Amino acid sequence: MRRAINIVPGSGTRILLVLLPFLLIAGLYVVVSAERRAANPGDKLLPPITEMAESVRRLATEPDRRSGNLTLWSDTAASLQRLFIGLGTAAAIGLVLGLTLGLLPIASAGLSPLIAVLSMIPPMAILPILFIAFGLGELSKVVLVVIGIAPFLVRDLAMAVAAIPREQIIKAQTLGASTWQLLLRVALPQAMPRLIEALRLSLGPAFLFLISAEAIAAESGLGYRIFLVRRYLAMDVILPYVAWITLLAYIFDWLLARVARRSFPWAYVQEAR
Amino acid sequence: MSIIRVHNVWMEYGDQIVLESISLVIASGAFVSIVGPSGCGKSTFLRMILGQERPTRGIITLDGVALPHEPGPERGVVFQRYSVFPHLNVLQNVLVAFEFADSPLTAKLFGSRKRAAVEKAQALIEAVGLGEHAQKFPSALSGGQQQRLAIAQALAKQPKVLLLDEPFGALDPGTRAQMHALIKPLWRERGMTVIMVTHDLKEAFGLGTRLLAFDKPRTDPQAPERYGARIIYDLDLSRDGPVPVLGFSKPIESRATAYETTRSTSHA
Numbered sequence: 001m002r003r004a005i006n007i008v009p010g011s012g013t014r015i016l017l018v019l020l021p022f023l024l025i026a027g028l029y030v031v032v033s034a035e036r037r038a039a040n041p042g043d044k045l046l047p048p049i050t051e052m053a054e055s056v057r058r059l060a061t062e063p064d065r066r067s068g069n070l071t072l073w074s075d076t077a078a079s080l081q082r083l084f085i086g087l088g089t090a091a092a093i094g095l096v097l098g099l100t101l102g103l104l105p106i107a108s109a110g111l112s113p114l115i116a117v118l119s120m121i122p123p124m125a126i127l128p129i130l131f132i133a134f135g136l137g138e139l140s141k142v143v144l145v146v147i148g149i150a151p152f153l154v155r156d157l158a159m160a161v162a163a164i165p166r167e168q169i170i171k172a173q174t175l176g177a178s179t180w181q182l183l184l185r186v187a188l189p190q191a192m193p194r195l196i197e198a199l200r201l202s203l204g205p206a207f208l209f210l211i212s213a214e215a216i217a218a219e220s221g222l223g224y225r226i227f228l229v230r231r232y233l234a235m236d237v238i239l240p241y242v243a244w245i246t247l248l249a250y251i252f253d254w255l256l257a258r259v260a261r262r263s264f265p266w267a268y269v270q271e272a273r
Numbered sequence: 274m275s276i277i278r279v280h281n282v283w284m285e286y287g288d289q290i291v292l293e294s295i296s297l298v299i300a301s302g303a304f305v306s307i308v309g310p311s312g313c314g315k316s317t318f319l320r321m322i323l324g325q326e327r328p329t330r331g332i333i334t335l336d337g338v339a340l341p342h343e344p345g346p347e348r349g350v351v352f353q354r355y356s357v358f359p360h361l362n363v364l365q366n367v368l369v370a371f372e373f374a375d376s377p378l379t380a381k382l383f384g385s386r387k388r389a390a391v392e393k394a395q396a397l398i399e400a401v402g403l404g405e406h407a408q409k410f411p412s413a414l415s416g417g418q419q420q421r422l423a424i425a426q427a428l429a430k431q432p433k434v435l436l437l438d439e440p441f442g443a444l445d446p447g448t449r450a451q452m453h454a455l456i457k458p459l460w461r462e463r464g465m466t467v468i469m470v471t472h473d474l475k476e477a478f479g480l481g482t483r484l485l486a487f488d489k490p491r492t493d494p495q496a497p498e499r500y501g502a503r504i505i506y507d508l509d510l511s512r513d514g515p516v517p518v519l520g521f522s523k524p525i526e527s528r529a530t531a532y533e534t535t536r537s538t539s540h541a
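Residue numbers (our numbering), protein chains in the order written: chain A, 1 to 273; chain U, 274 to 541.
Derived by calculation from the structure, the hints in this document are not laboratory data.
Computed from a predicted structure; not experimentally measured.
Cβ coordinates follow ideal geometry from the N, Cα and C atoms, glycine included.
FRET-style restraints, in silico, Cβ to Cβ:
| # | chain 1 | residue 1 | chain 2 | residue 2 | range |
| --- | --- | --- | --- | --- | --- |
| 1 | U | Asp445 | A | Pro122 | 47 to 57 Å |
| 2 | A | Val30 | U | Ser415 | 55 to 65 Å |
| 3 | U | Leu474 | A | Val269 | 33 to 43 Å |
| 4 | U | Lys393 | A | Arg2 | 49 to 59 Å |
| 5 | A | Trp254 | U | Leu474 | 49 to 59 Å |
| 6 | U | Lys393 | A | Trp254 | 35 to 45 Å |
| 7 | U | Ser385 | A | Arg258 | 34 to 44 Å |
| 8 | A | Val269 | U | Ser385 | 28 to 38 Å |
| 9 | U | Leu378 | A | Val269 | 23 to 33 Å |
| 10 | U | Phe383 | A | Trp254 | 33 to 43 Å |
| 11 | A | Met1 | U | Ala443 | 40 to 50 Å |
| 12 | A | Leu188 | U | Pro494 | 44 to 54 Å |
Cβ-to-Cβ under 10 Å is the rule here; a few derived chain U residues that face chain A:
| # | residue |
| --- | --- |
| 13 | Gly324 |
| 14 | Gln325 |
| 15 | Ser376 |
| 16 | Thr379 |
| 17 | Phe410 |
| 18 | Pro411 |
| 19 | Ala429 |
| 20 | Asp438 |
A short list of chain A residues far from chain U (calculated; beta carbon distances all over 12 Å):
| # | residue |
| --- | --- |
| 21 | Met1 |
| 22 | Pro21 |
| 23 | Val30 |
| 24 | Pro48 |
| 25 | Arg57 |
| 26 | Trp73 |
| 27 | Ala77 |
| 28 | Gly88 |
| 29 | Ala92 |
| 30 | Ala107 |
| 31 | Ala116 |
| 32 | Ile121 |
| 33 | Phe131 |
| 34 | Met159 |
| 35 | Tyr250 |
| 36 | Arg262 |
Taking the hints into account, I'd like the entire structure generated from these sequences.
The structure is reproduced here in structure tokens:
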């Protein structure tokens, strides 16, 4: 009998092993939901899959009677717009500050402690300040996402840039590079794969801050809808929405991983071996 | 011309004296090998010439001008590791040297200027024997090939002085012999001054025209940090006859020196 650590699944077995836990959870849900229905026909907590599918069809294809929009799509568009503006702004801040702090000792001496302190502020605790300062519109939600993840990106990138071997920085100087050129051609390209990895890790927190902000004050958005229909115990809407958000986040994560490996193959050499 | 003069240079880290009272003149076009036990300050000496560290006391001049306290294009360097850019392929690694010089703002060249630079970079890559690997990333190269690339990079700026910090220390003996066969003609053709720190005595004698041995001639067992290393041997290897010793008209503490000599030989 081989040792367990030496048993590697083949590609067919691997797909089966991937699907198995998902199928088990789905099967369990169907059985439990059917049992609850049998006991109480009015049960709303675990609606059957058919009911959820009907709700999704209604939300995705029938215009809302009040606004005239297709609810699911307008919610998704509103949330993703906020999410992407927030992530993009945070990435830009992370890149600019991270490179500066990682490369320039004088910037690091002046700003690193400040950023270390700022990053400890719980973003949710200052949400009321954001609502007061930026109003209840789009801006405050985007700012919450930015404040939530930018400090992490800044610190992570500053560390990555500072970890570039000293030899490379010296070498670039002996090749005549100015500070700006060094930043542009040595530090920036090596920070990019790390930025994408950091963004992947930030997707979860970004959605968390987005949905929190939408739950409290919004007129559309995935988080807004979930907290709106909560009043009617509409699990047939909440559960598909949660699944939809999860799917979106998973797709973005997968896309970022693909983009990083496609654009910066040199950064993933170790992985390929 | 590229005469390096070192005037009474000391290097101290806090209380610890690493190098003391180093004075020497390195002639233009010399190939200087530096040997000595680990931690004796030979790499520190190289880093001072490189501009990575500034001496606590004393001054180093290149052609009569004090060296700036930061690295610059007149002094090329090859480290033992990490001295090529992992995110650029072989051609780009050399090309970037020309791009730094010709494009201050974007450090990128386009069109005919780029073609001219690519041609120059390609010639350097051929010269170090990496012609067929131009499109590979450093991670796909062997250790010897990476060092060849680092040498090609350093040559791109046509430095007056080439500093080698244990450049072949991590290579297997066969590859090391190939690297020796590569570096010697390159040095001859270009007439630059080479200063090489090495642990390999055979390499030091085989390549150099001059050999410096660093060690501590004096030690205080109660306070080992109080005395730094000096140049205890300075050999002219460029002649055929018995090796003459340079610069020791007034030997320092001859008994201690003799003792240290046996030690540094047995170290090898």
